[in-house]
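> This is what each chain is made of:
2 protein chains.
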Amino acid sequence: MTQMLKAKQETNTPEIEQVAKKEGLETSLIRGKIASGRIVIPKNIKHDIPAIGIGEGLRVKVNANIGLSESKSSIAEEVEKARVAVEAGADAVMDLSIGSKTQETRKAIIKAVNVPIGTVPVYESKDMTEDSIFKAIERHLHDGVDFITVHCGVTKESVEALEKQKRTIPMVSRGGSIIAKYIMDTGEENPLYSNYDYLLELAKQYDATLSLGDGMRPGCIKDATDTPQLKELEILGNLVTRAREANVQTMVEGPGHIPLNEIEENVKMQKRLCQGAPFYVLGPLVTDIGVGWDHLVGAIGGAIAAMHGTDFLCYVTPAEHIGLPEKEDVRQGVIASKIAAHVADLTRGIDIHKDHAMSKARANLEWEKQVDYAIDQSKFSCYALKNRTPCSMCDSYCPIKRLKKE
Amino acid sequence: MTQMLKAKQETNTPEIEQVAKKEGLETSLIRGKIASGRIVIPKNIKHDIPAIGIGEGLRVKVNANIGLSESKSSIAEEVEKARVAVEAGADAVMDLSIGSKTQETRKAIIKAVNVPIGTVPVYESKDMTEDSIFKAIERHLHDGVDFITVHCGVTKESVEALEKQKRTIPMVSRGGSIIAKYIMDTGEENPLYSNYDYLLELAKQYDATLSLGDGMRPGCIKDATDTPQLKELEILGNLVTRAREANVQTMVEGPGHIPLNEIEENVKMQKRLCQGAPFYVLGPLVTDIGVGWDHLVGAIGGAIAAMHGTDFLCYVTPAEHIGLPEKEDVRQGVIASKIAAHVADLTRGIDIHKDHAMSKARANLEWEKQVDYAIDQSKFSCYALKNRTPCSMCDSYCPIKRLKKE
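Residue numbers (this note's numbering), protein chains in the order written: chain P, 116 to 521; chain X, 116 to 521.
By construction, these hints were calculated from the structure, which means they are not laboratory data.
This one's a predicted model, so the numbers in the text were calculated from it and none came from an experiment.
Heads up, some of the hints might be wrong.
Which copy is meant is left open, because identical chains are indistinguishable; a pair holds if it fits in one copy or across any two.
Calculated cross-link-like contacts (lysine to any residue; reagent style SDA-like; alpha-carbon spacing at most 25 angstroms) [what the hints assert, rightly or not]:
#1 383 to 464
#2 383 to 463
#3 442 to 493
#4 137 to 172
#5 222 to 272
#6 442 to 492
#7 296 to 284
#8 516 to 128
#9 136 to 216
#10 222 to 259
With these hints in hand, go ahead and build the complete structure from the sequences.
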């Protein structure tokens, strides 16, 4: 019995109740949207974590990607990054480890933090046989992974569209490129697509959420919102329907690199083609030349995407396009995305009391209180607090003091 | 003869030609928009600098605020900040110094950098007599200041609206609060408003641009887009018309703190009420609780504001709401705003070749070239360059290598 099936049967699961309470919404509303697939609760039956909801009408959530590369980092470092991410406010963590120690890393991360964990099982499949891929998926689900990215929309059809398109950068998705390469080399169909029903069976066993990957996401502004991307999105829309029929929860992943003025249409298109499925975007990055600042570039895109209906933001760190993020990059990436998420929440009146509390403290020149209300308290060391006086900017020109009624 | 008068007479000044060349647009187009007031070239006749244009259809420009406070910094430090700002890409610098050394600082900054300089002369008026205020303005213009912020819209009428409004924070504008306090205490009208014709006379003598200040800008999300703000904007719209009749160039300043979903309407309202005058915003800040990260919060707001038509972005530094910015805060503030400006330019196809060049370098794994194309080259030290190999994230899983045609 998955969350979705129970919701369809109008059962209030403890998870539904937890989500309703956290979001301050009616249980029946959450239940209804889980039944219809507009909200998901990524939670493997083997993973004992507090439930979080992702989807329509809820607070925008943030994911942090971590994980070993082949040439850098260690399990201990990645576990520490997971902790840093959650401490900074990440709602979920994806372990994207590659190399020889992926399972050990995954288990350590699952143990270390108390949030939903996502992975990309295809990284662990040494060849592209069905057996190898599905064995990897089973291992991940058995270890307690709550949501898995599966690039089911990289099919013969979408790869054909990709080959026709003169993209500047053909693909930037690691998982997607593994599958595309397989299709190009063998002419065979993507096993995750041709065996989608079996994938649904596995997901159902663990009540895992499928995150339908966007292997065709554009990797630069010039390639944004093109035919291969849209072709894949259409395919994913159909796969959402099939998952719902099987009572499996799904999210849909999205770009990537998009110019600012195309974000609204991207979000609306996804919501329409995928019947309101939760939308999970990477960034989006609204310029290609902000390297070193891609957390900020992603926060611009993420805030707008979320204002228009994106439900789940995958952070981007300052190290994006440079190398594997360090601990401090992870922290900065999470905070940047948390700000973007909150900015979008505010546009719906959600959590506006936080901003109001901060502003009242400012109006009263109460500096200690302002620290408490800051998204990132660590940045508030500052002159102001050390000296117990208002900030060093205005001194006797302080407009707040000037207009204070005695 | 001001730039505006010459443009009305269909004379192509060297400044108009410089701007047309930099922007890659027809001279007649620039000239026409200077004549109508939709583009300004802030340049005091006593200040020998390259001309920059601000307004409709041009690249979005960025201003950096620096300047002494009473308790912190030195002239040398502020001069150094001005240099850092311009090196990082600031198109203009405002010297907001307060205290006893304002003129000395101003002269040093004007000498140190080769961009338009703005100031707020009312800071230098020790009392609010007409004589003292206009003497300060004359000193600033005589020193070669290119644009001055004048809070002409803080009038008896808008102050009355402010007193009726139960704002969380009545005012956050230093200059605006000086004038509001004067009106509240004396019941007299704002001298900058009652003597506006004389102000226009002075500006005309030096061909200085008036930046009509937004003393009533909201200081928190809860106070955004309220009656006092709109009342002031209406007044400023009328003052724009009067300035154009006098052949004086004007910009209009705007908020401040605005929720993300109110930015578009704010920009459109300004453009409508002020007949297309260049719009100069501070941020805007789309949440109050991002303290320490206000450069990022301002970049989110700035990118959207500029996409909808804002022409000139005043940076916000990470030190905003904490204290006077240090040199590194200035650098970060400028880069954040430059990214926001570029992101908005991209939505109109401006400078997209920069992103395309970066993407081609990425597609070819050419790391050295990528450094050249980055907005902030200093962040690209990185593993990648040190090792002359692709980045440490994907290693053998690199999607670009995987799909490379041999």
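> So, for every hint listed, does it hold in this structure?
Do the hints match the structure? See the list:
1. 383 to 464: Result: close both inside a copy and across copies, 21 angstroms intra and 23 angstroms inter.
2. 383 to 463: This pair counts as both: shortest intra-copy Cα distance 17 angstroms, inter-copy 21 angstroms.
3. 442 to 493: Both: 15 angstroms inside a copy, 20 angstroms across copies.
4. 137 to 172: Answer is within; shortest intra-copy Cα gap is 13 angstroms, inter-copy 46 angstroms.
5. 222 to 272: Cα proximity of residue 222 and residue 272: none, with 36 angstroms in one copy and 66 angstroms across.
6. 442 to 492: both (17 angstroms within a copy, 22 angstroms between copies)
7. 296 to 284: within (15 angstroms within a copy, 59 angstroms between copies)
8. 516 to 128: neither (53 angstroms within a copy, 47 angstroms between copies)
9. 136 to 216: neither (38 angstroms within a copy, 57 angstroms between copies)
10. 222 to 259: Cα proximity of residue 222 and residue 259: one copy only (9 angstroms, versus 66 angstroms across).
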